[in-house]
Amino acid sequence: MDNHLSRRSFLAQAGATLGTLYLGALTPELLAQAHAHAKSMPPATAFNSSLRFFTPEQAADFDAFSAQIIPTDDTPGAREANVVHCVDYLLSSIGVDHQADMTKALAALQEAATKSVPGAKSFAGLTSEQQIAVMKAMEKSPAFGGLRSVTMVAFYDDPALGGNKNEVGWKLIDFDSKFLWQPPFGYYDAHATEEEKV
Amino acid sequence: MSAVPPMRHYKLTEAVDFLIIGCGASGSVLARELSQNGFSVVVLEQGPWLSTEDFSHDEFRNWTQALLTNDYRKQPTTFRKTPQEKPVTQPALVYGRMVGGGPVHFTANFWRFHEIDFIEASKKGTIAGTGFADWPITYADLEPYYTKAEWELGVSGQQGASPFDPPRSKPYPLPPMPVKSSGVLFDRGARKLGYHPFPAPVAVISQSYQGRVPCQHCGFCMGFGCEMGAKSSPLPYIIPQAVKTGRCEIRPNSYVRKVELDQNGRAVGAIYFDKDRKENLQHARAVIVAANGSETPRLLLLSKSNRFPDGLANSSGLVGKYLMFNTDCEAMGKFEHPLNEYKSIEVTRVIHDFYEIDPKHGFYGGGGIDARFLFYPISFSMWGLPPNVPQWGSEYKKIVSQYFTRTMMCAGHTTSLPLENNSISLDDEVKDAWGLPAMRVTYKDHPDDLKTNKFLQDRGMEILEAAGAQDRWTTPVEESTYGFHLLGTCRMGKDAKSSVIDIDHRTHDVPNLFLCDGSSFVTSGRGQPTETIQALAFRAADRITALAKKNEI
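Residue numbers (our numbering), protein chains in the order written: chain A, 451 to 648; chain B, 2 to 554.
The set of hints was computed from the structure by calculation and includes no laboratory data. Remember, it's a predicted structure, so these values are computed and weren't measured experimentally. Among these hints, one or two may not hold up.
Said to hold, decoys possible - Okay, derived cross-link-like pairs now, DSS-like style, lysine-lysine, Cα gap no bigger than 27 Å in a straight line:
| id | chain 1 | residue 1 | chain 2 | residue 2 |
| --- | --- | --- | --- | --- |
| 1 | B | 124 | B | 498 |
| 2 | B | 193 | A | 628 |
| 3 | B | 432 | B | 276 |
| 4 | B | 245 | B | 432 |
| 5 | B | 125 | B | 445 |
| 6 | B | 399 | A | 586 |
| 7 | B | 193 | A | 647 |
| 8 | B | 124 | A | 647 |
| 9 | B | 124 | B | 432 |
| 10 | A | 565 | A | 554 |
| 11 | B | 498 | B | 361 |
| 12 | B | 75 | B | 276 |
| 13 | A | 554 | B | 171 |
| 14 | B | 193 | B | 259 |
| 15 | B | 124 | B | 455 |
| 16 | B | 399 | A | 621 |
| 17 | A | 590 | B | 276 |
| 18 | B | 452 | B | 12 |
| 19 | A | 647 | A | 628 |
| 20 | B | 75 | B | 279 |
| 21 | B | 455 | B | 125 |
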């Protein structure tokens, strides 16, 4: 990941990378469909005819990749957030412009897997340790950056898009989705002296 | 997705008193003032007319789809650092593209310029190789209009809290917003170092005002439209007031491609594409371009004619030149306890101790530093963590779960020197979705601007340390490749050879053509230009009204 990008260039980068999935017209209707679709999906364990864009092999690879980016450990990870189905839906409906980028990125992942473990059939088929080694080796590549970013989008965005299921992403970072607050907001303003408050 | 209210409609052939191009920060103010002063007004706005019901907290949708801003897919831009370079097609600037303009999505920092901003070149001397100059108006000329802007829009702040504040004729209409944890820590650190932090003046209402509900602290100001109508953009009050006069028509989805002249060189109206891409010519007795510091010069350059082969009102050759972005820098800090900066407005404390950096440091510049967060969940996952920690895996999860609520930023906002090469021009090859030449941005920061930026970043790091941060980090200060503040491209001045408009915002070349927005700036100020853009608009409305009443347009 390029951490030297100013956070303000996030706006500038929109559209330029897979990670920000510059979408067409995400109308309320499409949003509702995305939500309904996500709700109807089984947990991301078996990838089959429910897929709209990914092949089952691609879905398995992206599932393995995103589960390494945000693993399931003592708290939920990308799998519990429904990341694969969220991205699958976005790419099949409103992010079709990015299908080619995604295909290319997954091909690069597959290639890196084969290079690292000769004879490997897929990234998903590697052991967890092997997967991590492959990912570390390609960490600076645009393919890795794109796949990581799109994982983050599906993990942290508004659950209405189909990812961040049960707000597991927001819960991880203690982002409380009330969107309605009164002071005090945090520890330091709660414990400020009267002088500091004025 | 449309909130067009019932209002007066004018025929295309009906020459209205004023045709205003752009319904943003300045155009909306001019529309209200001129229609209230009895004139007939049509406003052409290229973006849609959205209302509070159209706004959401969906970070992904809002930022990636250009719901409130110019859409790079339809309006590509090209960028180069110098006129010698071949321009590259890439996003180069952003502006509000909707009825209400940039203030709909802005962070709402609302600073006046100080007295020095208008007279700095004569106080400090000109700077070789730059267009550094005094404004032809002073702070005293603009003061009544700063006050008017604060009271008409609804601004929260505390008079007298900053020893560096310029004189003001009236206090803020509303008390400051409640301080956040970032504000408390910033206040602590800054005071330890002998600085003078003060409550941030913001265009957000802290109490009920104009029949509007006060801020509910949802935390989604920067980049988002306010669902409560508590952010003081032109949407909740100024625009409804303009419509209510019965003399003002605002036409959304109207993309102007040319200001039309008659054979005497007077503006007769403007040609625009409506939402069905049909071309129309709206007739008018006078035209005011208020389309922002990038679209205003672009429209003039597009409006070529035999009389003005280099672009309308461009006898000086300066239309589009002296573009200034303001730069900004970041110093990040992580603290022991949760700050929960995702709640409430961005900024609650500011310092102006470095508004004028001591020249003994060896460069020209100045700015303000504020306390803020500036991230949402997705953007924090992309760019929020220190660069030296894991960005994925179990270790990443542990770190992000600690840092998201405990991180704050000291953001510096600085001067940009006016340089002739820095400009908006028409691209030779790339076209927009309407077939018009795309905007070409040429920009390279003056070395002093980057030194100013670094200086403020260092001060920000010291404030974080003094406040007790456990971890601190920065992003490198680099040359700008993207602009948020679009200033200076049709500068105001007394001399027709060295400026585009006069002190009444009238172009030197066309008697009934006026320009009023960020393009009018002579210098950049210290990074929060919106209040000055709107004060200029209130003042311009008075000046233009006086000219019209004397029959001098």
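Taking the hints in turn, this is what the structure says about them:
no.: 1; hint: B:124 to B:498; result: holds, 23 Å
no.: 2; hint: B:193 to A:628; result: violated, 35 Å
no.: 3; hint: B:432 to B:276; result: holds, 19 Å
no.: 4; hint: B:245 to B:432; result: violated, 38 Å
no.: 5; hint: B:125 to B:445; result: holds, 23 Å
no.: 6; hint: B:399 to A:586; result: holds, 19 Å
no.: 7; hint: B:193 to A:647; result: holds, 16 Å
no.: 8; hint: B:124 to A:647; result: violated, 37 Å
no.: 9; hint: B:124 to B:432; result: violated, 44 Å
no.: 10; hint: A:565 to A:554; result: holds, 16 Å
no.: 11; hint: B:498 to B:361; result: violated, 34 Å
no.: 12; hint: B:75 to B:276; result: holds, 14 Å
no.: 13; hint: A:554 to B:171; result: violated, 61 Å
no.: 14; hint: B:193 to B:259; result: violated, 56 Å
no.: 15; hint: B:124 to B:455; result: holds, 24 Å
no.: 16; hint: B:399 to A:621; result: holds, 12 Å
no.: 17; hint: A:590 to B:276; result: violated, 44 Å
no.: 18; hint: B:452 to B:12; result: violated, 54 Å
no.: 19; hint: A:647 to A:628; result: holds, 24 Å
no.: 20; hint: B:75 to B:279; result: holds, 17 Å
no.: 21; hint: B:455 to B:125; result: holds, 21 Å
Consistency note: the structure conflicts with the earlier hints numbered 2, 4, 8, 9, 11, 13, 14, 17 and 18.
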